[in-house]
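Peer 1: Whenever a hint applies, use it, and build me the whole structure from the sequences.
Protein chains in written order, with the numbering used here: chain A, 114 to 196; chain B, 59 to 266.
What the hints contain is simulated information worked out from the structure, not anything from laboratory work.
Bear in mind that the values here come from a model prediction, so they are computed numbers and not experimental data.
Hints may contain errors.
[Claimed, not checked] Sample of chain A residues at the chain B side, in silico, Cβ under 8 Å:
#1 Asn153
#2 Ile154
#3 Leu194
[Stated by the list, open to error] Chain A side only, calculated, beta carbon under 8 Å to chain B, not exhaustive:
#4 Val128
#5 Glu142
#6 Asp160
#7 Asp162
#8 Val167
#9 Arg169
Every residue, glycine too, gets a C-beta built ideally from N, C-alpha and C.
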Amino acid sequence: MENNSHAYDALIFEVLVFKTNVSSDKDVETIGQLLAAESNITRWNVDRDDIDKVLRIECDKIKPDTVVNLLHDAGFECRELPD
Amino acid sequence: MNIHLYLSRIMRTRDENKELTIREKALEMAVRDGFDGLSMQKLARAAGVSPATIYIYFKDRDDLILQLWLQEVKKMVDATLEGFDPSMHFEEGLKIQWLNRARFCLQNPKSMHFLEQVKFSPYHEAFFKKMDNTFLKAMSDFVHHAIIRKEVVKLPVEVYWSIAFAPLYQLVKMHMSGRGLRGGPEKFVLDDKIMNQTLKLVLKALKP
Numbered sequence: 114m115e116n117n118s119h120a121y122d123a124l125i126f127e128v129l130v131f132k133t134n135v136s137s138d139k140d141v142e143t144i145g146q147l148l149a150a151e152s153n154i155t156r157w158n159v160d161r162d163d164i165d166k167v168l169r170i171e172c173d174k175i176k177p178d179t180v181v182n183l184l185h186d187a188g189f190e191c192r193e194l195p196d
Numbered sequence: 059m060n061i062h063l064y065l066s067r068i069m070r071t072r073d074e075n076k077e078l079t080i081r082e083k084a085l086e087m088a089v090r091d092g093f094d095g096l097s098m099q100k101l102a103r104a105a106g107v108s109p110a111t112i113y114i115y116f117k118d119r120d121d122l123i124l125q126l127w128l129q130e131v132k133k134m135v136d137a138t139l140e141g142f143d144p145s146m147h148f149e150e151g152l153k154i155q156w157l158n159r160a161r162f163c164l165q166n167p168k169s170m171h172f173l174e175q176v177k178f179s180p181y182h183e184a185f186f187k188k189m190d191n192t193f194l195k196a197m198s199d200f201v202h203h204a205i206i207r208k209e210v211v212k213l214p215v216e217v218y219w220s221i222a223f224a225p226l227y228q229l230v231k232m233h234m235s236g237r238g239l240r241g242g243p244e245k246f247v248l249d250d251k252i253m254n255q256t257l258k259l260v261l262k263a264l265k266p
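Peer 2: This is the structure in structure tokens:
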């Protein structure tokens with residue numbers, strides 16, 4: 114599940130990784146709409162096979178809190194996964 | 059985010075040692091436990107990193123398996139094409155292929171196992187499209203030159219492959235397991251004599 118397919122290596126991007134409870138197709142669609150509004154996000158996907166339902170974001174200078182708040186406001190659980 | 063933290067995040071994406079460890083452990087895990095037994099959480103524990111770190115390098119589990127496959131295919135292709143030229147005469151070219159392929163399998167049993175796993179999984183079709191076609195072209199040019207020179211009989215590609223390479227891979231598998239067909243304590247060993255004997259028969263079978 115991803116919004117577009119940028120050339121991987123041409124960019125220096127930042128990767129942010131979050132634990133969420135995004136599980137259904139509809140959930141993915143919902144957060145897709147939220148994330149589409151952030152122009153600094155170049156690519157994102159949710160690994161729903163993983164127990165942490167990991168949201169992975171490739172972006173340019175976005176604060177993790179911005180993403181956390183965005184998902185919280187829409188009623189999802191979301192916290193940044195530590196390194 | 060302050061600039062220092064930002065830079066550390068970029069650098070995080072460039073830690074090749076970490077990525078290498080993750081790839082090695084993932085290959086081991088896939089071979090030992092199958093694709094179903096490979097999870098990001100288990101892999102993180104095995105590689106001594108956090109799950110978040112794995113997601114720096116790989117989008118998800120399918121992406122991880124794809125990247126591993128591309129890496130192992132490249133290893134196999136490089137090994138197989140060493141000293142080989144598609145314009146070679148068939149006998150010489152096939153002999154080099156056999157030696158290269160056998161050596162690759164014996165030196166990289168995990169790679170061989172993993173490539174076979176993918177071949178017989180639902181991943182194969184999608185992955186195959188992402189493969190660099192240099193290798194397939196070299197293999198195809200080689201046999202077509204040989205057909206034009208009347209060194210090889212024209213056959214459907216599956217039949218050609220089954221005669222030209224399957225005997226070698228079967229012997230390699232028996233060698234790797236140490237088990238031939240005779241049972242008993244004696245180990246089966248694929249030595250030069252057996253390889254040359256088999257290659258001779260294969261060449262005879264493919265002559266027009």
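Peer 1: Each of the hints needs a verdict: does it hold here or not?
Peer 2: Checked hints:
no. : hint   : verdict
1   : Asn153 : violated, 12 Å
2   : Ile154 : violated, 14 Å
3   : Leu194 : holds, 4 Å
4   : Val128 : holds, 5 Å
5   : Glu142 : violated, 18 Å
6   : Asp160 : holds, 4 Å
7   : Asp162 : holds, 5 Å
8   : Val167 : holds, 6 Å
9   : Arg169 : holds, 5 Å
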